[in-house]
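A.B. asks: Got two chains here, each in a separate frame; can you build the complex from them with the hints?
Given next are the chains, with one letter for each unit.
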Amino acid sequence: SQTIHQWPATLVQPVGSPLSLECTVEGTSNPNLYWYRQAAGRGLQLLFYSVGIGQISSEVPQNLSASRPQDRQFILSSKKLLLSDSGFYLCAWSGDTINEQFFGPGTRLTVL
Amino acid sequence: GIQVEQSPPDLILQEGANSTLRCNFSDSVNNLQWFHQNPWGQLINLFYIPSGTKQNGRLSATTVATERYSLLYISSSQTTDSGVYFCAVERFGQNFVFGPGTRLSVLP
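In order, the protein sequences belong to chains Z and H.
Following our numbering, the numbering of the first sequence begins with 2 at its first residue and continues without gaps.
Following our numbering, the numbering of the second sequence begins with 102 at its first residue and continues without gaps.
FYI, nobody ran anything at the bench for these hints, they're computed from the structure.
Any given hint might turn out to be false.
[Claimed, not checked] From chain Z, some residues computed to sit far from chain H (all C-beta separations above 10 Å):
hint: 1; residue: 16
hint: 2; residue: 21
hint: 3; residue: 25
hint: 4; residue: 28
hint: 5; residue: 35
hint: 6; residue: 46
hint: 7; residue: 87
hint: 8; residue: 100
hint: 9; residue: 102
hint: 10; residue: 106
hint: 11; residue: 109
hint: 12; residue: 112
[Stated by the list, open to error] Facing chain Z, from chain H, some residues (calculated, C-beta under 8 Å):
hint: 13; residue: 147
hint: 14; residue: 149
hint: 15; residue: 191
hint: 16; residue: 197
Beta carbons: idealized from backbone N, C-alpha and C, even for Gly.
In isolation and in its complexed conformation, chain H is listed as follows (with noise of 0.2 Å):
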């Protein structure tokens, strides 16, 4: 099956710093989502974005299907944005498959 690689696996910041997650891909897919998961366990949908570029007020998100990967962006980051990204990828016909996740943790 695919295989979904996340990094960095850790990842720690101090708040109002930049930051890019990556998701690698092994087969190309036709759907690719990224959430965020909260300290109480909550999947917060962030972007569902197969391809190209979106942005949602401090985050962004692009994906390159044809090389594979998608990166998303965390601008000026707050103690807010810590938790777990996960980026999960969907192929043809297939159900979703998540990478291991970036656990980002934001310091004051």
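Excised from the complex, chain Z in its bound form (with noise of 0.2 Å):
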């Protein structure tokens, strides 16, 4: 069966600083990976996805980026950090014929 690990699941920052979150998925390949930010209290908004090694695209100009340097490996990272990325960050996968999507656990930045 499918599952999806992320690292680290809690992580503080401070201002500034580089950021790297990390995703993995076992048991699939070629997947379709999203990263998603969840604010305190509020819905999911999709970061960037990718359809395939080296293949990234980004639904919202931001202090992030995106990399996919394996199949089955999607990285989220920053230069430097700002206050207001804090939240919950969520990577997801989905296979290529039926697109349901599938969560980590997700990885809570505190940015001070």
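C.D. replies: Following this line, the structure appears as structure tokens:
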């Protein structure tokens, strides 16, 4: 069966520091991968999605970037964090036939 | 883009009660999912239901795509049902858009 991992689970970073969040999927090949952000008490906002290695689409302009160096690895990065980058970051995957999305456990980021 | 509304925004139930959550969307969609976000933040898939009716234990869902809404029924609610329920819709060739959620609290 398929599983999706995210790490770290929680992160506290100072303003201006870099960021790297990692997401990996097991048990499937060529998944579609997604990064979402959820602000406190709010819904999910799609940040990036990828349909294959090296293919990244951004949904909103922001201080973040994404990369997909391997088929089942998706990385969310920032060179300099802002206070507004705080939130709950969720990675998701879907297959290439039926677009049912499955989510990882998330990373809770606090920027101080 | 497509708009997704969920009602009610908040719901408080006594354990054992039944409830209906609603998701309205502004345009035709080809996919719809219901999720439960537990108190630890994990999003749990409940239903993948672009149309029709599905049941899974105490939960069932109905999507009427032609009328642009979906309903999630929770029967005999339990405290573990507490959390936020999201619907998410996908329009042809576009990515999923999430509704704002319904926050459910089930009291013992």
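A.B. asks: Examine each Cβ of chain H, and state whether all of them lie more than 10 Å from the Cβ of residue 87 of chain Z.
C.D. replies: For residue 87 of chain Z, whose nearest Cβ neighbour in chain H is about 14 Å away, the distance exceeds 10 Å, so it holds.
A.B. asks: Do the numbers back the hint for residue 197 of chain H, that is, is its least Cβ distance to chain Z under 8 Å?
C.D. replies: 6 Å, holds
A.B. asks: Please verify that hint: residue 149 of chain H, Cβ, nearest Cβ of chain Z, below 8 Å or not.
C.D. replies: 4 Å, holds
A.B. asks: Decide, holds or violated, for the assertion that all CB atoms of chain H are farther than 10 Å from the CB of residue 21 of chain Z.
C.D. replies: 20 Å, holds
A.B. asks: Residue 147 of chain H was flagged as interface toward chain Z. Is the shortest Cβ-Cβ separation under 8 Å?
C.D. replies: 11 Å, violated
A.B. asks: Any Cβ of chain H at or closer than 10 Å to residue 109 of chain Z, or is the non-interface label fine?
C.D. replies: With a cut-off of 10 Å, residue 109 of chain Z comes too close to chain H, as the shortest Cβ separation is near 7 Å.
A.B. asks: Measuring Cβ to Cβ, find out whether residue 46 of chain Z lies farther than 10 Å from everything in chain H.
C.D. replies: Answer for residue 46 of chain Z: violated, closest chain H Cβ roughly 8 Å.
A.B. asks: Are all beta-carbon distances from residue 35 of chain Z to chain H longer than 10 Å?
C.D. replies: 8 Å, violated
A.B. asks: Identify whether the interface hint at residue 191 of chain H stands, where standing means a beta carbon of chain Z within less than 8 Å of its own.
C.D. replies: 6 Å, holds
A.B. asks: Is it correct that the beta-carbon of residue 16 of chain Z has no partner in chain H closer than or equal to 10 Å?
C.D. replies: 23 Å, holds
A.B. asks: Can we trust that residue 28 of chain Z is non-interface, i.e. its beta-carbon lies farther than 10 Å from all of chain H?
C.D. replies: 15 Å, holds
A.B. asks: Taking the shortest Cβ-to-Cβ distance between residue 25 of chain Z and chain H, state whether it exceeds 10 Å.
C.D. replies: 17 Å, holds
Of the numbered hints given earlier, the model fails hints 5, 6, 8, 9, 10, 11, 13; all others are met.
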